[in-house]
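> Chains as they are written, first to last, in my numbering: chain A, 1 to 121; chain B, 1001 to 1186; chain C, 2001 to 2140.
Wrong hints could be hidden among the right ones.
[Stated by the list, open to error] The calculated DSSO-like cross-link candidates involving lysine-lysine, where the alpha carbons are at most 30 Å apart (straight line), are:
| id | chain 1 | residue 1 | chain 2 | residue 2 |
| --- | --- | --- | --- | --- |
| 1 | B | Lys1170 | C | Lys2060 |
| 2 | B | Lys1076 | A | Lys36 |
| 3 | B | Lys1076 | C | Lys2060 |
| 4 | B | Lys1076 | B | Lys1170 |
| 5 | C | Lys2012 | C | Lys2060 |
| 6 | A | Lys36 | B | Lys1170 |
[Claimed, not checked] To be clear about the criterion: a stretch of chain C counts as covered by chain A if any three or more of its residues have a C-beta under 8 Å from a C-beta of chain A, and this derived list gives those stretches:
| id | region |
| --- | --- |
| 7 | 2031-2038 |
| 8 | 2121-2131 |
Please keep in mind that the hints were generated in silico from the structure rather than gathered at the bench.
Just so you know, even glycine gets a beta-carbon here, dropped at the ideal spot from N, CA and C.
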Amino acid sequence: MTALTTFLEHYNYFITIFLMVSGLYIVIARGNMIKKLVGLSLFQTSVYLLYVAPGKIIGGTAPIFDRAYTVYSNPLPHVLILTAIVVGVATLALGLALVVRINEAYGTIEEDEIFSADGEI
Amino acid sequence: MELFTNAVLLTLLAIVTVAIARQRSLFGVVILSGIYSFLMASVLIVLDAVDVAMTEASVGAGISTVILLATLHLTKSIEYPKPRNTLLPLFVSVFVGAALVWGTIDLPAFGTADAPIHRHTTPRYISDAQDHRIAPNIVTAVLADYRSFDTMGETAVIFTGGIGVVLLLKGRRRRRPGKTAGEGMS
Amino acid sequence: MKHDVILRVGVKLLLPFILLFALYVHYHGDYGPGGGFQAGVISAGMIILYALVFGVDRAKRIAPEWLVERLVPAGVLIYASAGLPAMFAGKNYLDYTIYSHDPLHGHEWGVLLVETGVIVTVAATMTAIFYAFVDRGRSA
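So that you can see chain A by itself, here it is in the shape it has in the complex (with noise of 0.2 Å):
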């Protein structure tokens, strides 16, 4: 009964685990770039969900200041959080235009292509 207990609370750090863990996967067993970019965007997103859910108390609303409400959740990972998803986008945007770079140079977006044709394979 404890381990379910203690299971059911702390579901969401085992999703956030899973999430991060396939992110983990994809980039290492995947050759194709875009792959490789949409799971570190996983990653990345797992990040989000690991900093935001400590942060919610049950029964609490939204950090926005109201006079019916008295508790809160913690508004600083929302700020940190934030931040980094805006930052998240415009660094994928950077690794995509690498990736048309390469795709323009070598006429492919698989690694063991690219790696044969280098001949370092």
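Following the hints, complete the assembly by docking chains B and C onto the known chain A.
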């Protein structure tokens, strides 16, 4: 009820992630990542992070989907079905996951009000908002007031990213080198 | 998509409301969810939607490329210079209390100024990234 909605949305998120990992068509991957972003925005609303949810819905599902589709237009949209050894990546992922799970067991339970994260600096933000020293939306106040140096750095990072993309893509198009790819790359 | 009547009319009807919503999100950020980051992305989304339906050339007539590329650094400069008056008045950099006699109003003015820098940078960067990708595709 809050907990139940949260658990259902998180489970859907995990299912979409598995679908992204298994999908071979890159167009499918892009659309699934848009769905993933909307689900993530819903989860963030349940977690009371309304500002973050708004950003995630507009950025994750809007702008990044458009940019990913533009990249697909410029490259190939099918992932090469080349068999690659997935045993080692799987092992690394499972190992990292197990280590992280082992580390999370001791964390405070989800949603408790007396967790350490709620004791430091946050009470001051909330009492400042109650005393009308800052604007009612505490997130905006912390973002642009208490932590304005931080936000200035983030703005500079966005500027740098945008300039980097413009520099990479606006330049003169170079001829695609054939067999002698090694020299043309410098 | 240039010849689809429903899309053209529907998008034309939607555009002003999208921009209005972006401005609402920006100026109401002190009282409700929102702020410069979200408003910037929404207004860039407006231009991208216009470009998707009517073509990039017409989008560049309402948001010219040279203007967009100059606005990217301009936003950072607005943000950085919002802190300078306080420094000349002998206070700390980015101290907003000098903007008004009432400290709360001073903070609100300061936040609005800083958020203006953020909205300009974010909107211009997202539009510039979109233009860069699309132009690369057309020159191929």
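> Would you mind marking each hint as holding or not holding in the structure?
Right, here's what the structure says about each hint:
Of the supplied pair hints, the one linking Lys1170 (chain B) and Lys2060 (chain C) holds, its CA atoms being roughly 16 Å apart against a limit of 30 Å. Only pairs whose Cα atoms come within 30 Å are accepted, and Lys1076 (chain B) paired with Lys36 (chain A) is accepted, the gap being roughly 14 Å. This hinted pair checks out: Lys1076 (chain B) and Lys2060 (chain C) have alpha carbons roughly 27 Å apart, not beyond 30 Å. Proximity of Lys1076 (chain B) to Lys1170 (chain B) is assessed by CA-CA distance (about 21 Å); at most 30 Å being required, the pair is judged to hold.
Among the hinted pairs, Lys2012 (chain C) with Lys2060 (chain C) is consistent with the structure: their alpha-carbon atoms are about 16 Å apart, no more than 30 Å. Taking the CA atoms of Lys36 (chain A) and Lys1170 (chain B), the gap is near 24 Å; set against the 30 Å cutoff, the hint holds. With 5 residues having a beta carbon nearer than 8 Å to a beta carbon of chain A, the region 2031-2038 of chain C meets the requirement of three or more and the stated coverage holds. Counting residues of the region 2121-2131 of chain C whose CB lies closer than 8 Å to any CB of chain A gives 4, which reaches the minimum of 3, so the coverage claim holds.
Hint violations for this structure: none, all hints satisfied.
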